[in-house]
Amino acid sequence: SRQGGLSVLPKDTAAEFSVRSRDRTYVVLAGQVLICRNYKGDVDMAEIDHFMPLLMQHEEEGLVSPVISHGSVHFLWIKHSNLYLVATTNKNSNASLVYSFLYKIVEVFTEYFKELEEESIQDNFVVVYELLDELMDFGFPQTTDSKILQEYITQEGAKLEVAKSKVPTTVTNAVSWRSEGIKYKKNEVFIDVIESINVLVNANGSVMSSDIVGSIKLKTMLSGMPELRLGLNDRVLFALTGRDKGKTVVMEDVKFHQCVRLSRFESDRTISFIPPDGESELMSYRINTHVKPLIWIESVIEKFSHSRVEIMVKAKGQFKKQSVANNVEVRVPVPSDADSPKFKTSTGNAKYVPEKNLVVWTIKSFPGGKEFLMRAHFGLPSVENDEAEGKPPITVKFEIPYFTVSGIQVRYMKIIEKSGYQALPWVRYITQSGDYQLRTNV
Amino acid sequence: MQEWANQLCESRQFGSKMTDSKYFTTTKKGEIFELKAELNSDKKEKKKEAVKKVIASMTVGKDVSALFPDVVNCMQTDNLELKKLVYLYLMNYAKSQPDMAIMAVNTFVKDCEDPNPLIRALAVRTMGCIRVDKITEYLCEPLRKCLKDEDPYVRKTAAVCVAKLHDINAQLVEDQGFLDTLKDLISDSNPMVVANAVAALSEIAESHPNSNLMDLNPQTINKLLTALNECTEWGQIFILDCLANYTPRDDRESQSICERVTPRLSHANSAVVLSAVKVLMKFMEMLPKDLDYYGTLLKKLAPPLVTLLSAEPELQYVALRNINLIVQRRPEILKHEMKVFFVKYNDPIYVKLEKLDIMIRLASQANIAQVLAELKEYATEVDVDFVRKAVRAIGRCAIKVEQSAERCVSTLLDLIQTKVNYVVQEAIVVIKDIFRKYPNKYESVIATLCENLDSLDEPEARAAMIWIVGEYAERIDNADELLESFLEGFHDESTQVQLQLLTAIVKLFLKKPTETQELVQQVLSLATQDSDNPDLRDRGYIYWRLLSTDPVAAKEVVLAEKPLISEETDLIEPTLLEELICHIGTLASVYHKPPSAFVEGSRGVQHKRLPGSTGLGESLESPDTGSAAGGSDAPPAVIPSQGDLLGDLLNLDLTPPATTGPPPPPTSGMQLGAMDLLGGGLDSLLGGDLGGSSAMGAGFGAAPAASPASFSAPVSGGLDDLFDLGGGVGMPMGAYNPPKTVWLPAMKGKGLEISGTFARRAGIIQMEMTLINKAMSVMTDFAIQFNRNSFGIAPAGPLQVLTPLSPNQTIEVALPLNTVGPVMKMDPLNNLQVAVKNNIDVFYFSCQYPISVLFVEDGKMERQVFLATWKDIPNDNESQFQIKDCHLNSDAASSKLQGSNIFTIAKRTVDGQDMLYQSMKLTNSIWVLAELRVQAGNPTYTISLKCRAPEVSQCVFQTYEAVLKN
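These protein sequences, in sequence, are chains A and B.
Numbering-wise, full-length UniProt numbering puts 309 at position 309 of the first sequence, and it's gapless, one number per residue.
Numbering-wise, full-length UniProt numbering puts 822 at position 822 of the second sequence, and it's gapless, one number per residue.
Same shape as in the complex, but just chain A (with noise of 0.2 Å):
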C-alpha cells in the first residue's frame, strides 16, 4: 500500500506529532513514518497508516480540511515544505492549540536545523527525539522557546555534557524568554517598523477591502536583564494622558510577545517588557482604514481566442515624491498554453515565467508621483486548452523605506537596568506591501 502512496505523492513526507490523548508524532517518508512520539500511549500505532491514503482521497475529491477523521481517531495536520506534521488525537482537543503548537514544531526545528526536511530530521534524530520529549508532556505543551532549548539541548551532546547538567532557571521562570547573566560590550536595541499594506481591488477598480498590518520587530543586544518601555502615537493612549499634540495613529488590534505585560497595557496602554535576546517580533497590530493603493495598477487585457492575448499594464506611484519603492514586481496572469512572449516596457523590465503562468515586470525604482507602461503580447495555440482556468488577480511586490502609511511612530524606547548602563535604540521604517490583489476581467 506504501508503494501505491509513493507513485501518487514520490517526494511527500509526512510528520506526525501527536497531541493530548493518546497521541504520537509521526514524520512519514513516502507514506512512511519518518519519526514519531507517542505522548499518551492508548491508540493502536498503525492508526498513522490511515493518513496518507485518507489525504489523498480528500484531495481527489477536492475536499482538503486540515482535519481528517478516521473512526474515532482524528488527525490534525500540517505540510512544511515535504513533510506533513499530523497530531493524533481520539478526545475532543483543543484544536487551536494543537496547530499553534504544530507550528511552533516547525519554528523551533528550523531554528535547530536551519531547514525542516527530511534529511535533517534523519541527521539529527537523536536530538529532535530530545525536543519532543521537552517541548510536551503527555499532550501539554511545555518549553517551546529555541532560545531557552538550546541552552540545555544541543546537537553537540557529548561536548557540552558540562551546561547540559543544569536546568536553565529560565525554563520554569516567570521569564521564561529571557536567560540571566547575557553580556554585549556596546549595548543597542534595534527596532524595525515594518507595514504591510493588504489591498483587494474589484476588476472594475473598486477597492474591496484594504488595511494595515504593522510588526514591530526588535533586535536586542542588551545585557543583563533590562526593562524596556516602548513608546507610540498610539491615539487610546494620548487621550487617557490627556496631550492631543501632533498624529496619533489609532490600532484595531494589537498583539503582542509573551514577554509584553498584557494586563498593563490594558489598564494603561504601557508598553512594559524584558524584551528576548536577540531577534524577535514584539509585537503586531491592525489598522482598518482605508489605504489609497500605493501602487496603483490599471490593466487592460484582451484575449482573441485561438491567436493572442494583449496586455496592457498602467502602473502608478501614488505615494509622496520625495519617497522611493524598491523592487517592484507586477505580475500578471496569462494563460498556461500562451507561447512567444513580446515586452514593451516604459521603465523596468518584463519576464515571462512559464511555470508560474505570470509575466513578473520588475522596477527597482519607482518614484512618488510616477506611472510606468508595460505592453505584452502573447501567441495563443490553435487548439485551446480546454481545462477551465481560474481568475487570477494581478499582485504587486514592493518595498518603501523611511516611511509608515499609518503614521505611527516610535517616540521613545526607554531602557532601564540595573547595572545603569547607557543603550542607544536604533528605528527604522518600511512600507510594504502584503497581500496586495488586483482583479482582472479576463
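Among the hints, a few may not be true.
[Claimed, not checked] The list that follows gives simulated cross-link-like pairs (lysine to any residue, SDA-like), each with its CA atoms no further than 25 Å apart:
1) B:K562 with B:G489
2) B:K339 with A:H290
3) A:K391 with B:L309
4) B:K299 with B:K339
5) B:K43 with A:Y129
6) A:K391 with B:K299
7) A:K79 with B:G797
8) B:K43 with B:N106
9) B:K344 with A:A388
10) A:K147 with B:E857
11) A:K314 with A:V300
12) A:K104 with B:K339
13) B:K134 with A:K79
14) A:K303 with B:D383
[As the list claims (entries may be wrong)] Stretches of chain A that chain B covers, calculated by requiring three or more beta carbons in the stretch to come under 8 Å of a beta carbon on chain B:
15) 58-72
16) 171-179
17) 337-350
18) 388-398
Keep in mind the hints are simulated off the structure, nothing from the lab.
Small disclaimer: the values here were computed from a predicted structure and weren't measured.
Note that CB positions come from ideal geometry on N, CA and C, so glycine has one too.
Could you slot chain B onto chain A? The hints should help.
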C-alpha cells in the same frame, strides 16, 4: 547600522556536520547479534553508538525488542544523552516486555534522587509513560518525593506524571492521595507548576466528570487568574480552558473575571486568543445587557476575531468555524466586519467555503450590494464546490434580504446565461427557493429556465425544475410536454425526481384537467403499479384516491398555499449551539458536533451549557444505559441541522397543508413523517366508498387492487380519515379543562352559588358556570361584567339565563368570551375579576383562568422560525421549571399537549432523553417557545420556556403541569 541588515538574515550556525543519518544505514544480516555485542561493550562510546543504532532501527519501524535486557543494562549511566535514549527505548517496548521492565524500576527510583534535576525530571517523566501495572506501585514513592521537589522543573514534570498514572490506575492515584497534592500545586509559587497542575487536574476531571475534582471556588479562581499573567502561552491556555468550566456566582464576579481575561485577547498566540474568547462568550451570558461593561466587552471581541484571519490557514479554519458559532449566538459582534470575510484567490478551499458561509450569515440590507458583487465574482471561479456554494449563497441573499431579491434573480439569470452546466443547475435550485419565498413575483424568468431543461442531469436540479413547471403550469404553455418528456425515463429517475414529477403532474391536471387526463393516469400508474418504492406508491395512491373521490378537496389539498420559507437557514439548534459555545477552540467547535458524537466513552459526560440558561444541564445526568432503556427509539435530530435546504423544502412541499381541509386540524402542515401513517390510512381509503360523487371519477375507475390482505381494515369515511391522520403523529386529544370550582359561595352570594371553569372549544373561549339558587326566593335579571384584565378577556354576549332560577334549582350556563376588552395587567397574570348581578344584589368574585384557553389553533411555529426566534429571544427571558411525578412518555405528552394547542415542532433524542420543542401562541400574538425534556424512567420533566414577555412563563408552566398530570 548598514551591516545590521545583513546580520538580520544570518541565523545561527551549528558546529560540524556530524550527522546521525549513518545510524540508519546498517541493515545487514546478523544485525541484532552485532548490536547485542556492541551494547555489552566495555567502552562507553561504543555503547552509546550502539544504543543510537537501536533507536534508529526502532524509528524506522524495525522490531528491536529482542535487545531489551541489553539496552536496559545501559540505563545506569552518567551520560544524560545515553540515558534519554535508553528511556525512549523503554517507553516503546516496556508494554511488550512487562516482566523485564521490572528491571528498570531500581534505576527509576535511584534517578529520582539524583542531584541533577534534569535527571530527576527525566526519570519521573518516563516512569509515567511505562504502562505496566506491576511497575506502577513501585513508582508512588519516587513520585511523591518529586511532587515536593525543590526544583520547579521537577515539580512541573511530576504534576503531569500524576495525570499519567491516573490514566493507568485511577484508584491507586486516589488511594495515594496524589490528587490532593496536585490540588495543592495550584498554589505553587512557580507559574509553570501551576499551569501543569491545572492541565493535569482538568485532564483527570474530564475523564471523571462527577469527581468534583476541580472544585473551583472564588479563591482558586483568583489564584488561576494571578498565574495567568505569568505563565507561558500554553499554560495560559490550560488555565483559560479550566476557567471556562467555572460558573460565576453572580454578574459582578462574572464581570471581574472578564476584566482580567480580556488582556489575553492581545496575545500573539491564536490559541490563547480563542480560549479567552471562549471564557468571555460564556461569562457574558451572566452580564445584564444594559450594563455599560457588556457593550464594552462586545466591542472588544471583534478586533481579535478579525485578526485571527491573518493566522496560518489551519488556524484560520478553526477560527472561521468558531466565528460561525459566535455569529449565530451574538450576531452584533461582527455585523460590521463583512469585508474581512471576502475570499482571496489564494485562500485554501476549506477557508473559502467557510468564509462564504459567514458572508451569508452577515448579509444584510446595509451590505448586500457588496456581497452580491463578490458572490458573482466567485461564481465565475473554477473550483466547482466553491462556485456551487457561491451560487447557492446568492439565492440565500435573495431570501434573506428582500430588497435585494430582484438583483439576486437577475444575477442568477446572468449566471444561467454562462451555460456552465453546474452553475445552471445550482441556479435553478435556488430560484425555486426564491419562488417559494416571493410567490408570483419573478415568474417572468420561467421561460429562460425552461430553455435549460435538457442540460439538467442532477436530481436536485431536475426536481426543482419539475416543481417550478408544476407550480406554474397554468403559465407555461407546453407544461404538459415538458413534464411528459421527464416521464419517459421515469423509472431511471431518483426518488426525489419521481415524487416531484408525480406531484407536478397532478398539479398540472388540476389546473388543466381537459388536456392532461392521459398524462396523469400514466404517472399514477407508473407510481403505484410499476414502482417498488413505498413512499412513491403511497403518494400515488393518495392522489389517485383524492382525485377519484373529491376533486374539489384534491384541489384544496394539492394546490393549497404553501407556508413561506424562512430567512435563516442552517441554524444550529439552540441547545447544541450553547454547548458548542462552551467548546470554542476544540474539535467539537470545528465539527459543529457535541463531543459525545465523536469521542468514545464520553456518553455519560455532562453536556455543557451556558451559565445564563438557568442550569438546564443540571437535570441532565444521563446514564450510559440511556440508549438501552428503550425510551430513545427515534434517531436524534428532528430539527434539521440542515445541510440541505432543498430537502426541507421538498418536505414542506410534499405536505398537503391541512389548513383548508374540512375539519381543520390544529396543525398548519403535516410532516413528512406522517406519511408512514398513511399505511393505515390507506386501508380505510381503499375500503371506503369508491364511487364518490366525482365528476372526473369516471375517468379513473377504481384504484388498482393492491394485495387484499393489507386492506382489511374497517371501512370509514375516506377523506376525513386522511385529514385526521394528518393532524399529527399522535392522535390529538381534546383539550384538558379543569373541573369546576366554587367561585362564589352561597354565603357570600346571598344564596347564589356560582362554580365554574374555563374552556376553549372549537376556537372559542367559554366561561362555563353552574348557578345554584340556595336561597328561598326566585332569582332573575342575571347579568355579568368583567373588570379590565391582562388579556382583555370580555363577555362576547350577555349572560343567558332566560328563565328565573327557582330555589334549589341548578342551571348550567356557557358564556362565550372574546379578547377584545380593555387590558390591564393583573397579578397573578391570569386573574379575572367578575361582577354578577341579579335581582337581589351585585356580587364580586375573582377567579383564575388557565392560560391555555388563550392558546390559539395556529400556534405551530415553523421550525426555522422557531430556531431563529429561540436564538433571538434573550436568555434573560428564559425560565425553567420542573414537573414532578409525570409518567407519560414523550409522544403521549406531546399529543396531550397538542389538545391544548401546545404544538410539538420537533423532537430530538440525546442519550436517552427526549427533547420536545414546542410552541404556542396567545390570543394577543405573543409566542411562547418551550423545550420539554423527558427522560425515560424519570418522572420529573424539565421545561424551559422562552418568551418575549417572560411574565407569562409561570402561567404557561401551570398549564403544562395541569395538562400533563390530568
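Hinted pair, alpha-carbon criterion (25 Å max): K147 (chain A), E857 (chain B). Please report holds or violated. Judged against 25 Å, a Cα distance of about 72 Å means the pair is violated.
Holds or violated: are the alpha carbons of K104 (chain A) and K339 (chain B) at most 25 Å from each other? Given pair K104 (chain A), K339 (chain B) is violated - Cα atoms ~30 Å apart, limit 25 Å.
For the pair we were handed, K299 (chain B) and K339 (chain B), check the Cα-Cα distance against 25 Å. 17 Å, holds
Going straight from one Cα to the other, do K339 (chain B) and H290 (chain A) come out at no more than 25 Å? Given that 25 Å is the threshold and the Cα spacing comes to 12 Å, the pair holds.
Is the coverage entry for the segment 171-179 of chain A by chain B consistent with the three-residue Cβ rule at 8 Å? holds (count 4)
Check the hint pairing K43 (chain B) with Y129 (chain A) against an upper bound of 25 Å on the C-alpha distance. Given that 25 Å is the threshold and the Cα spacing comes to 24 Å, the pair holds.
Distance restraint between K79 (chain A) and G797 (chain B), which requires alpha-carbon spacing of 25 Å or less: 79 Å, violated
Given hint D383 (chain B) paired with K303 (chain A) - CA-CA distance at most 25 Å: Holds, at about 22 Å.
Starting from K391 (chain A), check that the Cα of K299 (chain B) is at most 25 Å away, please. 37 Å, violated
Taking only the CA atoms, is the gap from K134 (chain B) to K79 (chain A) under or equal to 25 Å? The hint is violated at about 41 Å.
Take the segment 337-350 of chain A, compare each residue's beta carbon with every beta carbon of chain B, and decide whether three or more fall closer than 8 Å. As far as the segment 337-350 of chain A goes, the hint is violated, because 0 residues have Cβ atoms under 8 Å from chain B.
Can the restraint linking K391 (chain A) and L309 (chain B) be considered satisfied, given a maximum Cα separation of 25 Å? Status holds; Cα separation ~23 Å.
Of the numbered hints given earlier, the model fails hints 1, 6, 7, 10, 12, 13 and 17; all others are met.
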